[in-house]
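Visitor: Top line first, the protein sequences correspond to chains A and B.
Under numbering that gives the first Met the number 0, the first residue of the first sequence carries the number 0, and numbering increases by one thereafter.
Under numbering that gives the first Met the number 0, the first residue of the second sequence carries the number 0, and numbering increases by one thereafter.
Misleading hints may appear alongside valid ones.
Below, simulated DSS-like cross-link-like pairs (lysine-lysine); rule was C-alpha separation at most 30 angstroms, straight line [as the list claims (entries may be wrong)]:
1. K52(A) to K115(B)
2. K79(B) to K53(A)
3. K115(B) to K62(A)
4. K5(A) to K40(B)
5. K52(A) to K141(B)
6. K141(B) to K53(A)
Read the hints as simulated data drawn from the structure, not as lab findings.
The structure presented is a predicted model; accordingly, all values stated were derived computationally and were not measured.
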Amino acid sequence: MAEEVKVFGAWGSPFSRRVELALKIKGVKYEYIEEDVYGNKSPLLLKYNPVHKKIPVFLHNGKPIAESLVIVEYIEETWKGNPILPEDPYEKAMARFWAKFVDEKCLPALWTAGFSPENERAKAAEEACECLKTLESALNGKRFFGGDTVGLVDIAANFIGYWLRLIQEATGHDLLSAEKFPALFKWSDEFVSCSVVKDSLPPRDKLLAFFKARFAGAAQTNASN
Amino acid sequence: MAAEEVKLLKTWSSRFGLRVVWALKLKGIQYDAIDEDLSNKSALLLQYNPVYKKVPVLVHNGKPISESLVILEYIDETWKQNPILPEDPLEKARERFWAKFNDEKLLPSIWGAFTKEGKEREEAIAAAVENLKFVEEELKGKKFFGGEKIGLADLAFGWLAYLICVFDEVTGFKIVDERYPLLLAWMQEFSQLPIAKDNCPPHDKLVIKYQALYEKLHPAK
């Protein structure tokens with residue numbers, strides 16, 4: 000039976016890339032539709048995600064699902080090969096806990112630390128580093144958060160594995176370093192070199208240029224405040 | 000059968016802890032309730048939830064789990080009777096989406112309307128109105144968010160059924176009003192469920208608590 004799988008995303012968004020990564024892990028073919036999230040959101044996007052009006056939106060045989068981690072769990076339950084979550088309910092709960100921690104604590108703290116004005120930077124960096132330290136403890140000697148293979152938490156932490164390193168290059172402010180967080184830093188290298196992940200990352204130069212422009216823009220705004 | 004040990008760390012008024020109570024009661028699971036004093040957190044709480052240091056924490060045979068929605072899914076996967084989530088992945092995704100919507104959008108906006116002042120309060124109220132519209136829409140043609148029976152999303156929204164009236168009384172401002180007839184009907188249905196009727200914090204005690212908080216946040220000028 001012909002399956003219709005579509006992903007509405009944005010080339011630089013870690014959130015839509017999470018969905019694409021999950022599909023690649025499962026070997027599911029899909030059609031990708033690029034949305035202009037800063038300019039003009041398409042009528043289809045607004046129809047499929049009227050509540051949040053955001054990407055990613057996942058469409059399976061015409062039925063839409065929004066929110067990247069909800070979509071990833073849907074993908075896990077629909078296509079059974081190469082599982083992203085453990086079988087054991089407790090281990091599954093731990094994976095969900097850490098994925099939530101990444102989304103609700105790490106990402107906001109890291110974004111703030113990356114682009115906050117000079118006078119707020121030290122405090123923001125401290126909070127971000129606390130998050131990274133806590134997250135590193137979840138690795139617990141493993142190659143990936145999912146164990147030997149990429150799992151839900153690795154997918155959720157894609158921003159930390161790839162985007163963060165480029166933000167650091169663009170801003171000159173290091174939060175995740177080999178000295179401060181050796182295990183997490185090593186994980187980020189492992190993550191981006193993983194073949195299935197490599198194929199689902201935005202182009203390096205394009206993303207770096209984006210962050211450099213963003214940083215320059217933020218600096219200008221902060222300077223005039 | 001091996002003796003199961005289930006403990007729940009919560010507070011008497013925690014709306015997140017209450018969700019877990021409802022789920023445990025729904026499935027008929029025996030558990031030990033440990034009510035925490037959040038101004039003086041126990042060593043046990045700090046040991047079981049070092050990341051957030053918050054309630055609720057479910058401890059099953061010595062293994063702790065935090066974050067109420069994570070706990071609810073664990074409970075559903077561990078005890079199969081009276082399921083909270085449907086079998087169908089799409090329906091499951093819908094329940095998770097709405098539970099998340101409550102936690103990330105609706106609840107914070109209503110809480111903002113209660114706690115904030117001036118422009119911030121106006122913005123919170125505007126956001127709450129938008130959010131309530133979506134929730135009302137989702138209830139069309141349904142008795143509960145889960146359909147005929149309650150599910151994960153109902154447990155997430157459940158706080159509305161007993162706490163909104165407290166906020167109304169304390170603030171003198173009705174946020175869930177006649178613009179939302181389906182939601183008001185759902186609140187009635189939910190509060191009549193045995194799990195809710197027998198397991199909600201006492202209304203008067205809640206009014207005292209939130210009255211005191213409100214006065215602290217909005218001192219008379």
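Visitor: For every hint, state whether the structure bears it out.
Guide: Hints and how they fare:
Pair hint K52(A) plus K115(B) holds up; C-alpha atoms about 26 angstroms apart against a cutoff of 30 angstroms. Proposed proximity of K79(B) and K53(A) is contradicted: the alpha carbons are some 35 angstroms apart, above 30 angstroms. Restraint check for K115(B) and K62(A): not satisfied, since their Cα atoms lie roughly 38 angstroms apart, outside the 30 angstroms limit. Between the alpha carbons of K5(A) and K40(B) the distance comes to roughly 48 angstroms, so the proposed pair goes past 30 angstroms and is violated.
A distance of roughly 24 angstroms separates the Cα atoms of K52(A) and K141(B); the hinted pair therefore holds under the 30 angstroms criterion. Note on K141(B) and K53(A): the hinted pairing holds, with a Cα-Cα distance of about 26 angstroms set against a maximum of 30 angstroms.
In this structure, the earlier hints numbered 2, 3 and 4 are contradicted, and the remaining ones agree with it.
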